[in-house]
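Assemble the complex: chain A is given as a structure, and chain B with the ligands must be docked to it using the hints.
Listed below, chain by chain, are the residues.
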Amino acid sequence: MTEMFLTLEGVTAAYSNMEALRRVNVQVEKGKIACLLGSNGAGKSTLIKAILGLVKVVEGRITFDGEDITREKTHRVVRRGISIVPEGKRIFPKMTTIENLRMGAYIEQDEQAIEERLERVFELFPRLEERAHQIAGTMSGGEQSMLSIGRGLMSSPRLMIFDEPSLGLAPILVEQNFETIQRINEEGTTVFLVEQNASLTLEIASYGYVLQKGKVVAEGTAEQLTDSEVIQSAYLKS
Amino acid sequence: MTFLDILLQQSINGLMLGIMYSLVAVGFTLYFGVLDVINFAHGDFFMLGGFMALMLYAIAEAVGFAGNALVVVIYLFIGSMILTGVVGVVTERVCVKPVSKAPMLISLLVTLGLGIAIREAVRVLYPRGSDPKGFPTLMPQGSFNVGNIVIRYENLIIFGLGIAVIMAVNFLINRTKMGAAIRAVAQDGEAAMMMGVDLDRTIDITFLIGSAVAAVAGIMNGFYYGQTMFNIGAMMGVIGFSAAVIGGLGNIYGAIVGGILFGLLETFAAAALPYGAENKRVFAFLIVILFLVFRPTGILGEKIFERV
Ligand SMILES: Nc1ncnc2c1ncn2[C@@H]1O[C@H](COP(=O)(O)OP(=O)(O)O)[C@@H](O)[C@H]1O
Ligand SMILES: [Mg+2]
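Sequence lines, in order, name chains A and B.
So for the first sequence, the working numbering puts the first residue at 1; every next one is plus one.
So for the second sequence, the working numbering puts the first residue at 239; every next one is plus one.
Calculated from the structure, these hints are not laboratory results.
Take the hints with a grain of salt, since some may be wrong.
Stated by the list, open to error - List of simulated lysine-lysine pairs, DSSO-like, C-alpha gap at most 30 Å:
1. Lys339/B - Lys73/A
2. Lys215/A - Lys30/A
3. Lys518/B - Lys371/B
4. Lys56/A - Lys339/B
5. Lys56/A - Lys335/B
6. Lys335/B - Lys73/A
7. Lys56/A - Lys32/A
8. Lys56/A - Lys215/A
9. Lys73/A - Lys215/A
10. Lys73/A - Lys415/B
11. Lys339/B - Lys213/A
12. Lys30/A - Lys56/A
All values derive from a computational prediction rather than experimental measurement.
Only chain B is shown next, with the shape it has when bound in the complex:
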C-alpha cells in the first residue's frame, strides 16, 4: 500500500466515526440552543440507544420475529429511536428544564448525575449488564476493493445511514415549520412565544430529536464494533461535546464539521503516530485543546455562545 492508499483508507474510517460523533454533537448544539444547557447526560443517551436496540432484538428473537434482516434492522432503529427519544423527553421535563434557568454549575451537576443514573440503571437492569454485549450480525458481511482501499459493506451501509440522518436533521431544522420554531426559540425564546410558538412543546420536540439521533449513533456504534457496553456514554459525551464546541456551540453545521474532524484526527493518530492506537484520543483531545486556545469560538462560531 502506498502512503496515499493509507491516507485514503484512514480517511474513510475517520469519516465513519466522524459521522457518528456528529450525530451526538448535534444534540449538544440543539439543547444548548433551546435551553442554554449543556446536557452532559447526552452521551448516555447514545449508549441507551444501543441497549434499546439490543433489548428490542431480544424481544424479537423471543417471539420468533426474525424474518428479513432489513426489516429487523429498520425495526431496531425506529424502535430504539422512539424509546430513547421518549426517555430523553421525560428526563428533560423532570430534571433538565427545571434547572435550565439556574446557574450553569447546577445544570452541569444535575446532567452529570443524570448520566450516571442512566448508566447505572442500564448496568443493573439489563441482564448481566456489566459485561460487554455483542451486537447481532444483521448487515451484509464482506467487502470490496477500490484500488487498494478496502470498503466493508457493513461500514458503507452505516455510513450511508449516518449521512441520511444528518440530512434529515438538517431538513427538519432548516426547512420545516417545526424547525423554524426551534431556531426561533434558540435565537430569542420570548420573541418566539410572542409569535405563538409553544415553548414547552418546542423544547420537548428538540429533546426528542436530539435523543433519537443519539440513539442512531449508538446503534451504528454497536454494529461498527460488534458490541457495546453500559459505560461507553461517558467518553462519547465528552467527544460529542468537544465536537460541538470545535464547530461553534449552537451551530448545526459546526457540530457536523466538528464531529467529522474529531473522527479524522483520531484515525490519523491511530495510524500515523507511534503507540497511536492506544493514544489516539489523547492526541485528538490535545488538538482540540490547542484549537480552542487559539480559536475559542469554534470553527463556525462568531462567539462562543452562538445559537442555532
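Here chain A stands alone, though its shape is the one from the complex:
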C-alpha cells in the first residue's frame, strides 16, 4: 500500500490578479523522493508557497498526512512537520551559523533534542562546525547552502522540501548536495525536490512531475520521465 503524504488537488494559485498555477495535481509518497521539474518561471516556487500558505490559493485542496492544510498559516504548516530549504538559501545573514541552526529548531522546546540535532547536522556538515560562530552572511555560497540544508534539518521534519538546491552552485557542490538529500531520505525523511537540473534529480527521485507555465504537463516514475519526450527535448538535450 502506498501512502500519499502530501497532496495537491486541482490547486490554482495567484499573485494579485496573475495566475501562476493552474489546477495542479501533485502527490508525494511517504518515505520517497518526489520531484518537480520545470524551467525558470514555470511556477515551481509558487507551488511551494501554496503549500506554505505564502501565496493565495484560489481553488483546490492541499493535504498533509491526511489533514487539510489549504490556506493554513505558514507557521502552522511548519509545525506539522514540514520543513523547507528555500530557493536562494535565505539564511539569516546577520546571525551566526549556530543561531541560524537554532532558528531551524524554533518550533522545538526540548533543549536536549536541539543539541542532538546540532550534533547530527555537524556530523553531516563538518564544515559548519568549523564555522559555528561565523556570521552567516560572510560565508561562501557553498557553506551557506550547507547551512540552509542544516537549518531545514533542525526541526526534525517528516517532509523536507528543497527549492532548487543546485541554484548557483559549482557542479561538485551540487553533487554533494544531492548525495546529502539522498542520505536524508534514506534516514527516513520524505523529500519533495524542486529542480531545474533534471538529469541529476531523476537519478535520485522515484517519481516526478514536470511543470510548464503553471501546469503539470507530464508525470511518471523517474524512468518514465527520463525517457519521456518532454524531458528529452527540454531538459536533457545534450
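Using the frame of chain A, we list chain B with the ligands on its own:
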C-alpha cells in the same frame, strides 16, 4: 569650577538625556526592523507613557494608596508600561501594520496622523489637558558632590533605571528565543515564517516592547523636568528618529549610541555656545544634518536600510 568640571558636569547631564533618547530611538529601530515602517507616532507614545503614569498616580491617590514611595514608583512604571504597550499594539494592528506594505509615503502620513490623534486625545480627554502637568515628587531629593560635580539622587536613580531598561531590552532581543524571532523577522520575514515563527505575534510583541520602553522614557522625562505636557511627543519623535538614524536605522546598539550622542551634543551646546540654552537643539540637529551628509549610513550602519 574648572573647565574640566564643567565638561564632566555637562557630560553627566547629557548622558541622562541621552539614555532617555536612546529608549525612544530603540523603538524606531525595532519597528523599522520588523515592519519596514518609520512610526512617526512613536514620540507620542513617549508622551502617553508620562500621562498614563500621571493617571495611575491620580487613581492611586483617589483610593488612598499612597504608601511607600518606592512601591508607588514601581506601580507607576509597570502600570504605564502595560497600558502604553497595549495602546501601541492596538494602534499597530489597526493602522500601522495595514499600511506597512504600502509606499513609504502612505505609512508616513498615517503614522503622522496617528501621532496627532494620540496627542489631541490626551489634550481633550485628560482633565485640563492643555496645561503643563506637574509630576509628583516621589524620588529622594537632594544631591551629593563628587569633587566639584553635583549629582542629584533623583537623576542618579533615573539614570540607573534607564541603563537597566536598555540592558533588559538588549537581553530580550539578543539572548532570548523571542528576541531571535524578532531579529529573524527583521532579516527575512518570510524565512522566519518558514522556521515556524508566528509573524503577526512577533510584530505585536515588538510593538509592545517598543511602546513600553518609550513609556519608561516618558516617565523618566516627567521626573527629570518635574512636569510634562501633551505636545512633547512631536519633538521627541524627531529626536528619537534622528538618534536611530545617526546610529544606523535597524541597529539596536546604533540607536543607543545615537541617543546618547544627541543628548551629549545638546547639553554641550547649551553650556558652551552663546544663546546655547535656547538653541541647543538647533545645534544638535545641525550636527545631525552634517553627519548624515557625510555618512548617510549612520555610525554603525553598513547601509541605510540595515536591519536589527
Ligand atoms: N511575488 C510575485 N508577484 C507576482 N508575480 C510573481 C511573484 N513571484 C513569482 N511571480 C510570477 O509567477 C510565475 C512563476 O514564478 P515562480 O513560481 O517563481 O517560478 P519558478 O520557481 O518555477 O522559477 C512567474 O511568471 C513569476 O514572474
Ligand atoms: Mg523558483
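### Query
Can you list which hints this structure breaks, lowest number first?
none
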